[in-house]
Amino acid sequence: MSVVESAPSLRADANVAAELHRLMSDLYPICRSITGNGVRETLHRIQQILPLSIREVPTGTRVFDWTVPREWNVRDAWVKTLDGQRVIDFLESNLHVVSYSIPVRRRAALSELKGHLHTLPEHPTWIPYKTSYYAETWGFCITADRLRTLTDPEYEVCIDSTLEDGHLTYGECYLPGESPEEVLLSCHICHPSLCNDNLSGISVAALLGRWLTSASRRRFSYRLLFVPGTIGSITWLATNQDKLSAIRHGLVLSGLGGPGGLVYKRSRQGVATVDRAAAHVLKHWSGDSDIREFVPYGYDERQYCSPGINLAVGCLSRTPYGEYPEYHTSADDLSFVTPERLEDSYRACQSILDVLEHDVTYESLNPMCEPQLGRRGLYNAMGGAAESRSREIVLLWVLNLSDGCHSLLDIAERSRQPFDSVRSAALALEQRGLLRRVHSGIADDIERLERTRGNS
Amino acid sequence: MSVVESAPSLRADANVAAELHRLMSDLYPICRSITGNGVRETLHRIQQILPLSIREVPTGTRVFDWTVPREWNVRDAWVKTLDGQRVIDFLESNLHVVSYSIPVRRRAALSELKGHLHTLPEHPTWIPYKTSYYAETWGFCITADRLRTLTDPEYEVCIDSTLEDGHLTYGECYLPGESPEEVLLSCHICHPSLCNDNLSGISVAALLGRWLTSASRRRFSYRLLFVPGTIGSITWLATNQDKLSAIRHGLVLSGLGGPGGLVYKRSRQGVATVDRAAAHVLKHWSGDSDIREFVPYGYDERQYCSPGINLAVGCLSRTPYGEYPEYHTSADDLSFVTPERLEDSYRACQSILDVLEHDVTYESLNPMCEPQLGRRGLYNAMGGAAESRSREIVLLWVLNLSDGCHSLLDIAERSRQPFDSVRSAALALEQRGLLRRVHSGIADDIERLERTRGNS
Amino acid sequence: MSVVESAPSLRADANVAAELHRLMSDLYPICRSITGNGVRETLHRIQQILPLSIREVPTGTRVFDWTVPREWNVRDAWVKTLDGQRVIDFLESNLHVVSYSIPVRRRAALSELKGHLHTLPEHPTWIPYKTSYYAETWGFCITADRLRTLTDPEYEVCIDSTLEDGHLTYGECYLPGESPEEVLLSCHICHPSLCNDNLSGISVAALLGRWLTSASRRRFSYRLLFVPGTIGSITWLATNQDKLSAIRHGLVLSGLGGPGGLVYKRSRQGVATVDRAAAHVLKHWSGDSDIREFVPYGYDERQYCSPGINLAVGCLSRTPYGEYPEYHTSADDLSFVTPERLEDSYRACQSILDVLEHDVTYESLNPMCEPQLGRRGLYNAMGGAAESRSREIVLLWVLNLSDGCHSLLDIAERSRQPFDSVRSAALALEQRGLLRRVHSGIADDIERLERTRGNS
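Protein chains in written order, with our numbering: chain B, 1 to 456; chain U, 1 to 456; chain Y, 1 to 456.
Zero decoy hints are in this set.
Copies of one chain are not kept apart here, so a pair can be met inside one copy or by any two copies together.
Once the Cα atoms are required to be at most 20 Å apart in a straight line, the calculated SDA-like pairs of lysine to any residue come out as:
no., residue 1, residue 2
1, Lys-130, Gln-372
2, Lys-283, Thr-319
3, Lys-130, Pro-320
4, Lys-130, Gly-374
5, Lys-114, Leu-147
6, Lys-243, Pro-367
7, Lys-130, Glu-392
8, Lys-243, Met-368
9, Lys-130, Tyr-379
10, Lys-283, Arg-414
11, Lys-130, Leu-373
12, Lys-114, Arg-148
13, Lys-283, Asp-344
I should point out that these hints are in silico values taken from the structure, not numbers from a laboratory.
Throw the hints in and build the complete structure from the sequences for me.
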């Protein structure tokens with residue numbers, strides 16, 4: 001049974017650059033936080049693309065060491081002069097209000113108000129992004145330029161928010177494949193109008209999901225999670241512990257539209273197949289790229305790679321969070337992310353998944369010396385010249401290392417040839433009866449999973 | 001029983017540079033191919049040096065995935081003007097005829113003839129070397145300058161060749177040693193008048209064989225193979241499968257007289273003893289050298305290192321094939337290889353074999369603290385000065401690492417001292433009763449081999 | 001049971017720089033050799049600092065391959081002109097007499113005398129240091145400048161020494177800890193008025209011993225050895241073989257007051273805990289430092305790391321012996337070693353011992369996802385800014401890797417954070433009930449030791 005050929009073909013989606021950016025534009029105005037209607041609205045938009053289930057987990061639910069917090073919603077927020085002029089206006093930018101601010105409506109002296117105002121003096125035209133999930137307070141974020149204009153002795157202050165028992169909301173899409181083993185794709189959906197940090201990951205994940213959905217066959221099952229950062233992944237992990245043993249590979253997606261080359265951060269395991277697949281793809285990628293060691297901070301890979309979970313989940317981004325000045329400011333807007341970079345990131349994800357889908361192991365049916373490639377039309381009949389033979393070289397690598405112990409990714413790594421070339425060579429050799437697959441992969445996956453579950 | 005001292009002494013053959021070049025000169029005019037009388041004539045010349053058996057394997061014999069081809073012989077070949085003037089003449093250079101050209105004798109229009117002519121436009125005075133073993137055709141190789149002079153509308157063409165059932169011919173020399181385990185030395189003998197590519201390997205292998213033959217004792221048995229490339233090694237492997245388990249180390253020899261430093265290409269195993277011995281020798285060699293990873297193309301190491309064979313066989317050369325412009329052209333002639341470089345390569349082979357022969361393991365008979373070297377005449381009696389003590393340092397390394405787990409090569413590698421110094425120190429310490437050999441080596445070899453054969 | 005907090009606190013000894021240099025000054029005038037009263041006098045001085053036992057081993061005692069030599073003492077030595085003027089005078093510098101010179105008292109012609117004189121022509125104002133332990137002879141060491149002034153035809157020569165059956169003397173201090181497993185600290189005490197080479201190690205070891213003695217609790221037991229080089233460590237090892245299995249870590253101390261950065265030479269094992277602890281401390285040390293591979297020459301680590309002993313004993317120094325011109329000359333005097341560098345070396349030793357004492361293993365009590373650090377006061381409540389979080393990062397590393405398999409040193413290495421920070425983070429997390437120690441360490445030590453002894 002051949003699963004390789006049936007995998008979703010890359011590049012079937014020629015308009016994806018524009019689509020990725022359009023989806024971001026649609027989601028940009030929504031005021032998201034770790035709970036609330038902004039998250040629901042975001043997930044409803046994604047449901048137009050993907051068969052997404054929206055889950056609601058009640059406030060107060062214990063999730064490992066954490067508790068699902070109260071739900072926060074904000075309708076309006078402003079600071080007005082005493083004659084009624086809005087000098088800070090939530091409707092202008094949802095970054096103006098500190099996320100999870102408690103309701104407030106009163107007059108405040110400038111000196112007191114200033115204690116609740118956040119600015120970025122080094123970037124006087126940018127609004128910072130601030131949250132206060134676990135300390136009850138309120139605040140506004142404004143440009144340093146705006147702060148200088150606030151000179152009245154007193155202002156009217158209003159944050160029309162609610163912080164009440166409700167739910168934490170997240171989205172989940174499960175796409176069964178031939179194997180019960182899963183690839184996890186996860187992105188965070190808890191930031192308001194910030195593009196690179198959250199919307200880029202959401203867009204790429206949504207369109208990857210659409211691409212996977214469209215595949216006639218999938219070797220692996222796929223699970224896409226659109227979750228609020230930290231508390232969302234913790235909630236999913238705590239309430240789905242029976243599913244963890246099926247997760248074989250995973251990627252956290254974030255920061256995929258900003259500047260700089262692709263960056264892959266390894267899983268805590270460090271040499272998991274997804275780590276090797278991503279490193280291989282990035283090594284052969286056009287443009288700069290970087291492979292980094294695991295560190296226990298960052299996005300939700302922190303949770304997926306906590307010591308008791310320890311999944312093979314890495315993180316793909318471009319310039320990582322905190323390493324560009326626009327991070328967590330109003331400058332991370334729709335102009336900061338480009339369709340071209342979004343597509344580039346999307347294609348890299350496809351390529352990594354493509355390696356995972358097709359990383360099978362062959363054995364040569366002619367292991368004693370080389371088989372005669374010439375009479376099978378795989379070799380230059382007229383030898384002797386010092387001419388380039390790059391295609392033949394890949395054929396020879398695949399034949400030489402197909403001893404039942406080296407997977408195609410192993411061969412690609414040792415030969416320094418791109419995975420695609422190695423896979424094409426293997427298919428050509430298989431077609432001519434020179435190789436056979438050692439494992440279908442699927443049967444092993446099922447057996448491994450049953451054994452794991454039997455033990456636990 | 002001491003085997004180390006009885007190994008053939010290096011440098012007993014002071015005239016070897018001249019002898020190596022003379023042997024090449026003798027063999028240069030012969031028109032070799034993968035079969036035929038040129039191979040036989042070549043092997044007969046080597047029989048003057050070595051006790052070589054000449055083997056004949058009939059056309060049609062199945063050897064793994066291959067079949068021994070028909071035998072090709074050529075007596076004459078030319079292109080003449082219609083008034084009888086030879087404008088291309090096989091008797092001038094045997095490179096002029098494409099190897100394995102089928103017989104032809106007729107008149108041909110210039111336009112048709114040109115489809116059968118091969119040149120090197122970038123080197124207009126060189127004749128290329130071409131073969132067509134497995135596609136029935138004919139052709140001539142000429143200089144680009146000559147091609148420009150062919151302006152007549154028609155020519156007489158003749159290739160007086162035969163392509164008929166016959167034999168594949170190769171030479172084999174087996175030199176029994178104290179151990180039944182073998183060192184394999186292999187070179188290809190299938191190229192016509194090409195010096196670096198084939199004659200240099202043949203000459204070095206032949207004189208190494210003579211040196212080994214002259215030894216009063218050998219730890220290992222040696223098998224020298226003079227075989228046509230690819231089909232020859234495949235034929236030997238297919239018809240000698242019972243001998244493979246005895247081959248412990250091996251070297252393919254080729255390209256040993258051309259420019260550049262020594263290059264060792266590791267076996268597929270990568271860290272076999274022969275790989276480590278060659279890397280060690282080259283690291284301490286005067287002049288440039290390079291160690292390369294295994295790749296599944298090149299000379300007959302492709303076959304020895306195919307996945308089902310997987311012998312510890314590396315390849316020693318100078319600048320490898322295809323990396324110098326003279327490769328597979330008439331410029332690879334007697335002036336392209338020098339006696340000095342041939343001797344340098346020959347000496348490196350001797351040194352590698354010397355390491356393999358003498359890589360034994362000792363254990364200290366005074367493992368608790370250092371033994372007192374001073375009263376045994378091995379140490380400066382008058383201490384205290386900061387003077388150089390390089391000889392003592394090697395003694396201390398050998399004593400420190402002779403715990404029964406480190407062979408002399410292990411010690412040479414860790415101490416970064418040349419193998420010769422390490423071995424001299426070990427002999428001095430053994431003589432004074434401070435070390436004893438853990439294994440004779442030989443008994444272990446025999447036992448291992450019997451176990452292997454019992455299993456298969 | 002917590003042992004970590006009770007370890008001796010670093011930096012309690014603020015005057016240590018001056019104390020280290022003062023101890024050296026006290027010991028400087030004494031004429032030490034591998035035996036004799038100079039050694040006894042030295043050990044008596046150290047007894048004022050440490051509870052040191054002085055051991056006497058009789059001449060002729062067999063110690064492995066060696067024999068305890070006769071005891072050497074010297075009262076006076078000189079060369080006089082015939083009119084009674086001392087031109088070489090032992091009372092001026094004890095380097096003037098070759099150590100272990102046999103007694104001599106007679107007139108000698110200048111030509112004969114010169115055969116017994118040693119100088120350093122390249123440093124004409126320095127006296128060399130020479131010994132002749134195992135060859136019976138006599139000699140004087142003088143400056144090259146002095147040699148030029150010796151022009152009389154004859155001189156009176158006197159070495160008033162004794163070379164008789166007696167004892168080899170060494171000092172030993174054992175400080176029991178909670179664990180029977182030991183840390184060995186060893187220095188050599190056999191050089192006369194040489195500061196960096198022997199007195200610096202003696203001073204640092206003595207004051208480290210005082211510091212360890214003052215600790216209210218020690219995880220490990222400590223054994224400090226003040227031994228003559230080579231024969232002293234061999235004597236201790238030969239007469240204490242039952243104690244070797246308890247030695248878990250060790251350091252040879254020497255050359256700790258001279259120029260250059262700290263240098264750690266690994267044990268023969270190469271990756272022992274002491275090797276990793278020293279490499280870690282030096283990597284984070286201010287100033288240059290260097291980690292070197294084991295070589296089987298140097299100080300007494302040669303014996304501790306001989307193949308049959310093979311203890312985890314490295315060597316800490318500054319610029320190693322033989323790499324500075326003052327080595328083994330009168331220029332290695334009290335001005336060559338500085339209090340600052342002595343203290344720097346002493347602090348590095350403390351830090352290495354501190355790592356060994358506190359390298360315990362924890363497991364997270366919340367291994368499933370991160371615990372919520374915020375509500376435990378360990379985390380910024382107000383998130384969102386891209387501000388530095390280096391303390392939080394260490395907390396996250398400790399939580400992430402505390403899976404019962406990584407010790408604090410493992411975590412420090414992987415996170416590239418200083419051990420102190422890692423340990424502080426672990427203590428904070430333990431205090432808040434987020435971590436628990438997997439092993440007390442001690443119980444395991446006892447069990448391991450009993451098993452080892454049961455086997456031997």
